[in-house]
Amino acid sequence: MTKVPVMAHLVAGYTSPEISLEAARGLAAGGVSYFEVQFPFSDPSADGKAIQTACAAVLSGGWRVDDGFAFVETLRSEFPGIPVFVMTYANLAYKIGISAFVERSFRSGVSGLIIPDLPFDADEGLAAACDAKGIACVPVAAPSMTESRIASLAALRRPYVYAALRSGITGSSTSIDDGTLAFLSSLKASESRILGGFGIRSGDQSGALAPAVHAVVAGSVFVDIIREKSGEGGEAVRLAVQAKAAELSNPVQR
Amino acid sequence: MSIHRYFDRFGGAYVAEVLRRPLEELDEAFAAAMADRAFLAELDTLRADFIGRPTPLLHAANASRENGGAQIYIKMEGLAHTGAHKINNAIAQALLAKRMGKTRIIAETGAGQHGLATASACARLGLECTVYMGEVDVRRQQPNVAAMELYGATVVPVLSGSRTLKDAINEAMRDWAASFADTHYLIGSALGPAPFPDMVRTFQSVIGLETEAQAAEKGLKIDALVACVGGGSNAIGFFSPFIDRASPRLIGAEAGGVGPATGENAVRMTGTAASDGIIHGYKSRFLVDSDGQVAETRSISAGLDYPGIGPQLAALGESGRIEFTGISDSDALDAVKFFARTEGVIFALESAHAGAAALAEAGKLPKDAVVIVNMSGRGDKDIFITSPVFRPVQWRDFLKAELERLESGMDIHVFGGKK
Chain L
1 MTKVPVMAHL VAGYTSPEIS LEAARGLAAG GVSYFEVQFP FSDPSADGKA IQTACAAVLS
61 GGWRVDDGFA FVETLRSEFP GIPVFVMTYA NLAYKIGISA FVERSFRSGV SGLIIPDLPF
121 DADEGLAAAC DAKGIACVPV AAPSMTESRI ASLAALRRPY VYAALRSGIT GSSTSIDDGT
181 LAFLSSLKAS ESRILGGFGI RSGDQSGALA PAVHAVVAGS VFVDIIREKS GEGGEAVRLA
241 VQAKAAELSN PVQR
Chain D
1 MSIHRYFDRF GGAYVAEVLR RPLEELDEAF AAAMADRAFL AELDTLRADF IGRPTPLLHA
61 ANASRENGGA QIYIKMEGLA HTGAHKINNA IAQALLAKRM GKTRIIAETG AGQHGLATAS
121 ACARLGLECT VYMGEVDVRR QQPNVAAMEL YGATVVPVLS GSRTLKDAIN EAMRDWAASF
181 ADTHYLIGSA LGPAPFPDMV RTFQSVIGLE TEAQAAEKGL KIDALVACVG GGSNAIGFFS
241 PFIDRASPRL IGAEAGGVGP ATGENAVRMT GTAASDGIIH GYKSRFLVDS DGQVAETRSI
301 SAGLDYPGIG PQLAALGESG RIEFTGISDS DALDAVKFFA RTEGVIFALE SAHAGAAALA
361 EAGKLPKDAV VIVNMSGRGD KDIFITSPVF RPVQWRDFLK AELERLESGM DIHVFGGKK
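These protein sequence lines map, in sequence, to chains L and D.
Residue numbering for the first sequence follows UniProt numbering, starting at 1 and increasing by one per position.
Residue numbering for the second sequence follows UniProt numbering, starting at 1 and increasing by one per position.
Calculated from the structure, these hints are not laboratory results.
There's no promise every hint is true.
Across the chosen pairs, the derived CB separations fall in these ranges [stated by the list, open to error]: (1) L:16 <-> D:139: 38 to 44 Å; (2) L:131 <-> D:101: 54 to 60 Å; (3) L:73 <-> D:157: 47 to 53 Å; (4) D:101 <-> L:18: 50 to 56 Å; (5) L:132 <-> D:37: 50 to 56 Å; (6) L:185 <-> D:139: 48 to 54 Å.
Ideal Cβ positions, reconstructed from N, Cα and C, are used throughout, including at glycine.
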């Protein structure tokens, strides 16, 4: 099987600035195609327990939005070939102003913004600000959307759409069934590149999903590895993350 | 139907796409139910026979005399079944959920009054019930936790974040995102994404409508209405019939906590700490830091320490229709003692913030003026907080004795020791 493009999710600063950079190195060595860097928010209501706990830990260490952009800049300089998307919640952008946040993202080399609580039809000007700077504003789609709402989203012809593959929140297992594939195929009308994720933990899953998406998104699986291995140091984190990234990017053909 | 509804610049439905569909379904079901006479008739019956409405409007003659100003009246919402105004909304939303074919209810609670009301409503209507409650609130509101469990609800202590109401809301939203096919999220305050602020106000407006009718019956011309404001469900329901009129004055009492510094209180409409934000699915005023992270808040009242405020109240505060004031923990405690001694009525700590604001306001007005305070709940549940303050030695001795009795294996139901 050919290589599966993987968008790997990282919580900025987790479990420390050094560890999160080592994790990024592991992801890069494992062959991921995109970084999705989450800027921790105090109330990440769309995230599951693993990511929520990670965000809380980072924030209790005094993490600031400035640290998040500094991390992005480091990734851009060390891995210029891997685009960085930033995922966060509305209030971090809203606080300094949507345009200012997009401007700041542009200066740090961010390729795309994923803000799930700014839905595409109430985005406070996020898409327009992103368009002005050449940054991808990535709307989130869910299987519970009505056909007409999917059509409205598709009509916007955004460069990417983030497809949440099941109801619920990140972190639990997801099965790739006919319903999943039907939902993804309905999104294809958007002609957007589909980033599909939520609960992807194994090469089997990424291999099954790959034909239906532009890239497979995986998050909690890496957060769990980082949490488990961080006590053993940066190298242990890097190697473990690398192995999982390689598994997801190069699923064994069955 | 669009669920983007605003109160000036506040409100809206800023939710992850996964929660969009259940909000739209709810919006449609709410509109249909409110146009259905059978639903409204069943709700009226529950209001009368289950909640015990109308609640009385008490002339606090002794308190007024001693305070030395306007005549204070108390809308005795604490006499509603389960001890607070929360039941008005809980029974109505639970009935709506049942009409929608849902079999399970989830709720979040701070002081526990909303959780208690929801658990009771679910027991009455035969619905399964899970209540998320911050661990800190579980500890300080034990009497309500015990009662919720007695009603058959599962109380889930939330260990994340500040372990208070805001974290319980996050947890409930997560649950709902995965469970909305058979589950209704029964939000307890007039906040969250549309249509919740409209729905909660509608179900709570029974307080204001009754107050208006009772005042007319007594021949009172109301000068001011006073209510406490956490999320603000009792306040918006109490004020609701009067919002579009020039009078009476509407006064909202926020938690002034222990001081004016950030982290020492929960005032969103006075002071300089709060700013516009988008959190928990709606746009309003929130206590956040310079990055936009939700700030820690503080109040002796578990029901008033939420960092945000209902969007319609925020809009009415900015337009000047509602005047806001911050009441300190100690003034609230004084108000509990004052009304207990003068009127034989124990305010909940939340409601006592309104009581303190009403005393201050009435003190500035002539004797023939009328101030009505909404006692949103009664203070039975707060005994574990107020007793250590009001009677520390006796309370310590009581707890010690109870613990010894429990640990020694004595039958605590038999006075004097083992059977």
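These are the hints, each one checked on the structure:
1. L:16 <-> D:139: 38 to 44 Å: violated (32 Å)
2. L:131 <-> D:101: 54 to 60 Å: violated (42 Å)
3. L:73 <-> D:157: 47 to 53 Å: Once the Cβ atoms are compared, 40 Å apart, the range 47 to 53 Å for residue 157 of chain D and residue 73 of chain L is violated.
4. D:101 <-> L:18: 50 to 56 Å: holds (52 Å)
5. L:132 <-> D:37: 50 to 56 Å: Cβ of residue 132 of chain L to Cβ of residue 37 of chain D: about 53 Å, so the range 50 to 56 Å holds.
6. L:185 <-> D:139: 48 to 54 Å: About 50 Å separates the Cβ atoms of residue 185 of chain L and residue 139 of chain D, which means 48 to 54 Å holds.
The structure is inconsistent with the numbered hints 1, 2 and 3, although it conforms to all the rest.
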